[in-house]
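> Generate coordinates for the entire structure from the input sequences, incorporating the hints supplied.
2 protein chains.
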Amino acid sequence: MQEIVRGLKLKNKTIGFVPTMGALHEGHLSLIRKARKENDFVVLSIFVNPIQFGPTEDFSRYPRPMKQDIHLCRKHNVDFLFYPGAKLMYPLGFKTYVVVEQLSDVLCGTARCGHFRGVATVVAKLFNILQPDRAYFGRKDAQQAIIIQKMVEDLNMPIRIRVMPIVRHRNGLALSSRNIYLNEKERQEALCLPQALKFAKDLIKSGERSSQCIIKKIGEFIGSKKTARIEYISIVDLKNLKPLEKIADKCLIALAVRIGKTRLIDNIVVKVTKSQSHQ
Amino acid sequence: MQEIVRGLKLKNKTIGFVPTMGALHEGHLSLIRKARKENDFVVLSIFVNPIQFGPTEDFSRYPRPMKQDIHLCRKHNVDFLFYPGAKLMYPLGFKTYVVVEQLSDVLCGTARCGHFRGVATVVAKLFNILQPDRAYFGRKDAQQAIIIQKMVEDLNMPIRIRVMPIVRHRNGLALSSRNIYLNEKERQEALCLPQALKFAKDLIKSGERSSQCIIKKIGEFIGSKKTARIEYISIVDLKNLKPLEKIADKCLIALAVRIGKTRLIDNIVVKVTKSQSHQ
Numbered sequence: 001m002q003e004i005v006r007g008l009k010l011k012n013k014t015i016g017f018v019p020t021m022g023a024l025h026e027g028h029l030s031l032i033r034k035a036r037k038e039n040d041f042v043v044l045s046i047f048v049n050p051i052q053f054g055p056t057e058d059f060s061r062y063p064r065p066m067k068q069d070i071h072l073c074r075k076h077n078v079d080f081l082f083y084p085g086a087k088l089m090y091p092l093g094f095k096t097y098v099v100v101e102q103l104s105d106v107l108c109g110t111a112r113c114g115h116f117r118g119v120a121t122v123v124a125k126l127f128n129i130l131q132p133d134r135a136y137f138g139r140k141d142a143q144q145a146i147i148i149q150k151m152v153e154d155l156n157m158p159i160r161i162r163v164m165p166i167v168r169h170r171n172g173l174a175l176s177s178r179n180i181y182l183n184e185k186e187r188q189e190a191l192c193l194p195q196a197l198k199f200a201k202d203l204i205k206s207g208e209r210s211s212q213c214i215i216k217k218i219g220e221f222i223g224s225k226k227t228a229r230i231e232y233i234s235i236v237d238l239k240n241l242k243p244l245e246k247i248a249d250k251c252l253i254a255l256a257v258r259i260g261k262t263r264l265i266d267n268i269v270v271k272v273t274k275s276q277s278h279q
Numbered sequence: 280m281q282e283i284v285r286g287l288k289l290k291n292k293t294i295g296f297v298p299t300m301g302a303l304h305e306g307h308l309s310l311i312r313k314a315r316k317e318n319d320f321v322v323l324s325i326f327v328n329p330i331q332f333g334p335t336e337d338f339s340r341y342p343r344p345m346k347q348d349i350h351l352c353r354k355h356n357v358d359f360l361f362y363p364g365a366k367l368m369y370p371l372g373f374k375t376y377v378v379v380e381q382l383s384d385v386l387c388g389t390a391r392c393g394h395f396r397g398v399a400t401v402v403a404k405l406f407n408i409l410q411p412d413r414a415y416f417g418r419k420d421a422q423q424a425i426i427i428q429k430m431v432e433d434l435n436m437p438i439r440i441r442v443m444p445i446v447r448h449r450n451g452l453a454l455s456s457r458n459i460y461l462n463e464k465e466r467q468e469a470l471c472l473p474q475a476l477k478f479a480k481d482l483i484k485s486g487e488r489s490s491q492c493i494i495k496k497i498g499e500f501i502g503s504k505k506t507a508r509i510e511y512i513s514i515v516d517l518k519n520l521k522p523l524e525k526i527a528d529k530c531l532i533a534l535a536v537r538i539g540k541t542r543l544i545d546n547i548v549v550k551v552t553k554s555q556s557h558q
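So the protein lines, in turn, are chains G and Y.
Going by the numbering used here, the first residue of the first sequence is number 1, and it counts up by one from there.
Going by the numbering used here, the first residue of the second sequence is number 280, and it counts up by one from there.
Keep in mind the hints are simulated off the structure, nothing from the lab.
Note that the Cβ used here is the ideal one computed from N, Cα and C, for glycine as well.
Each hint should be verified, as a subset may be incorrect.
Some chain G residues flagged as far from chain Y (calculated, every beta-carbon gap over 12 angstroms) [stated by the list, open to error]:
{"no.": "1", "residue": "LEU81"}
{"no.": "2", "residue": "ARG162"}
{"no.": "3", "residue": "GLY172"}
{"no.": "4", "residue": "ASN179"}
{"no.": "5", "residue": "LEU182"}
{"no.": "6", "residue": "PRO194"}
{"no.": "7", "residue": "LYS201"}
{"no.": "8", "residue": "LEU203"}
{"no.": "9", "residue": "GLU231"}
{"no.": "10", "residue": "TYR232"}
{"no.": "11", "residue": "GLU245"}
{"no.": "12", "residue": "VAL269"}
{"no.": "13", "residue": "VAL270"}
Computed list of lysine-lysine pairs in DSSO-like fashion (alpha-carbon distance at most 30 angstroms, straight line) [claimed, not checked]:
{"no.": "14", "chain 1": "G", "residue 1": "LYS185", "chain 2": "G", "residue 2": "LYS225"}
{"no.": "15", "chain 1": "Y", "residue 1": "LYS290", "chain 2": "G", "residue 2": "LYS34"}
{"no.": "16", "chain 1": "G", "residue 1": "LYS9", "chain 2": "Y", "residue 2": "LYS316"}
Here it is as structure tokens:
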């Protein structure tokens with residue numbers, strides 16, 4: 001793969017890279033389409049990265065529909081599919097990690113200790129192997145995208161990070177490879193995530209500026225669902241992920257909720273213009 | 280600098296990189312000469328990296344003879360001298376670090392907490408900026424070279440690391456930018472470092488295989504010097520830096536000694552062939 005990339009670079013070809021864990025859905029396809037538009041070549045990686053899963057998490061049962069993924073890559077004109085094995089990526093004696101401090105310890109980082117260290121490390125490795133000009137991430141994993149942007153900036157990687165909007169089902173549910181874990185009833189209850197975010201947005205539109213108050217109200221809403229267990233609801237600064245007391249400028253409303261045994265996340269970015277914030 | 284590098288890469292030119300903290304001496308020049316031989320272009324960086332110095336260390340008094348360094352770069356046909364400022368390398372809000380676990384916590388890492396995290400991070404940054412084909416390090420900082428090799432391997436950086444032999448004064452003292460701190464008497468006493476390593480080598484040659492015994496003997500030798508204070512004397516595996524009980528294969532004998540207020544390091548690699556180890 002590194003030789004192929006070297007050849008493309010010498011011909012001054014641009015490379016767009018879509019890192020994934022496979023189980024491709026319309027969210028991934030939106031990244032492929034954007035990469036296709038902006039680059040000469042598109043590389044997609046499929047690697048269920050063991051070091052970003054905790055010991056009690058779903059690493060072994062994470063879906064791996066390889067045939068279907070290959071079909072989708074072909075259909076959407078992905079030029080190269082890179083799917084390394086775990087032993088190739090983490091040979092015996094592996095000991096180097098990339099850590100983005102502070103940003104990795106909040107939101108999903110609180111419950112998923114070491115998760116973002118695993119994400120930053122594997123993405124750094126993939127970037128070094130594939131030498132992309134642009135890399136594409138979904139806003140669904142907002143914290144991940146922000147951490148990767150910070151890593152690229154801090155480590156002077158010559159790569160542009162593109163963050164694309166969340167793709168949702170018609171009913172509002174954000175697409176995720178983990179939605180497959182939900183049964184019919186849970187799928188219905190899972191709608192409380194996008195509904196809660198819509199509720200928060202409406203509260204802000206109607207003038208509410210207290211984060212505490214918004215979090216309380218949407219917490220009560222989600223809490224009313226039988227199978228839902230809230231992990232966190234946070235309103236934070238879009239850049240440094242620090243909690244905001246008052247809604248202002250751009251803020252990220254992010255939440256993680258367990259629906260039965262399935263952990264789901266969702267988020268929304270809310271922009272408040274100056275005139276609005278003086279309401 | 281990144282634009283220049285991009286231009287060179289497009290022309291299929293190879294780049295040899297010599298990272299330094301300046302105060303160039305014959306050791307650095309040996310790296311430049313090797314880089315000159317093996318590459319189309321040579322880039323040398325001068326950056327006294329604040330994040331690899333502890334709060335009580337010599338960051339502020341570290342020698343910075345910029346004019347002399349520029350003169351030496353010109354004289355030795357360095358093509359590009361890269362000397363970024365600290366604010367450019369670590370802007371406000373910097374929070375990404377590269378950590379090579381285990382290897383960073385032994386030898387010099389014991390007393391210099393966080394030192395190798397600082398080294399790995401700045402070298403990763405410089406590699407990303409300069410995209411070298413080959414990078415040159417001195418064996419004088421043996422642990423540093425081993426950590427950088429491990430980082431490059433683990434993170435799949437497409438860079439070859441070349442480690443060049445220690446350059447010594449005629450009297451045996453390993454060249455170091457920090458030798459300038461020594462007064463005349465200390466310069467004499469500092470010879471106990473290379474002498475101790477020579478002593479260790481001779482002990483091994485004469486059949487001694489117990490690390491403990493060798494460490495004890497050369498410790499007593501250094502201890503007999505008035506201004507010398509031993510920080511560590513270690514005999515370790517050349518790859519994983521783990522202590523060796525018995526001398527076998529390739530081992531690294533490394534030591535750090537304070538001569539007055541100046542901390543000096545030195546090391547030697549000893550190879551024991553099978554027939555020798557059966558003596």
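> Confirm or reject each hint.
A quick look at each hint next to the structure:
1. LEU81: 18 angstroms, holds
2. ARG162: At roughly 19 angstroms from the nearest Cβ of chain Y, G/ARG162 sits farther out than 12 angstroms, so the non-interface label holds.
3. GLY172: 34 angstroms, holds
4. ASN179: Label holds. Min Cβ-Cβ 32 angstroms, cutoff 12 angstroms.
5. LEU182: 35 angstroms, holds
6. PRO194: The assertion about G/PRO194 holds, with a minimum of 31 angstroms to chain Y.
7. LYS201: The claim stands: G/LYS201 keeps its Cβ more than 12 angstroms from every Cβ of chain Y (closest is about 28 angstroms).
8. LEU203: Non-interface label stands for G/LEU203: nearest chain Y Cβ at 30 angstroms, farther than 12 angstroms.
9. GLU231: Correct as stated: the minimum Cβ-Cβ distance to chain Y is 24 angstroms, above 12 angstroms.
10. TYR232: 21 angstroms, holds
11. GLU245: 20 angstroms, holds
12. VAL269: 20 angstroms, holds
13. VAL270: Consistent with the label, G/VAL270 stays out of reach of chain Y, its closest Cβ about 23 angstroms off (over 12 angstroms).
14. G/LYS185 with G/LYS225: Between G/LYS185 and G/LYS225 the Cα gap is close to 11 angstroms, so the pair holds against 30 angstroms.
15. Y/LYS290 with G/LYS34: OK: Y/LYS290 and G/LYS34 at ~29 angstroms, within 30 angstroms.
16. G/LYS9 with Y/LYS316: 24 angstroms, holds
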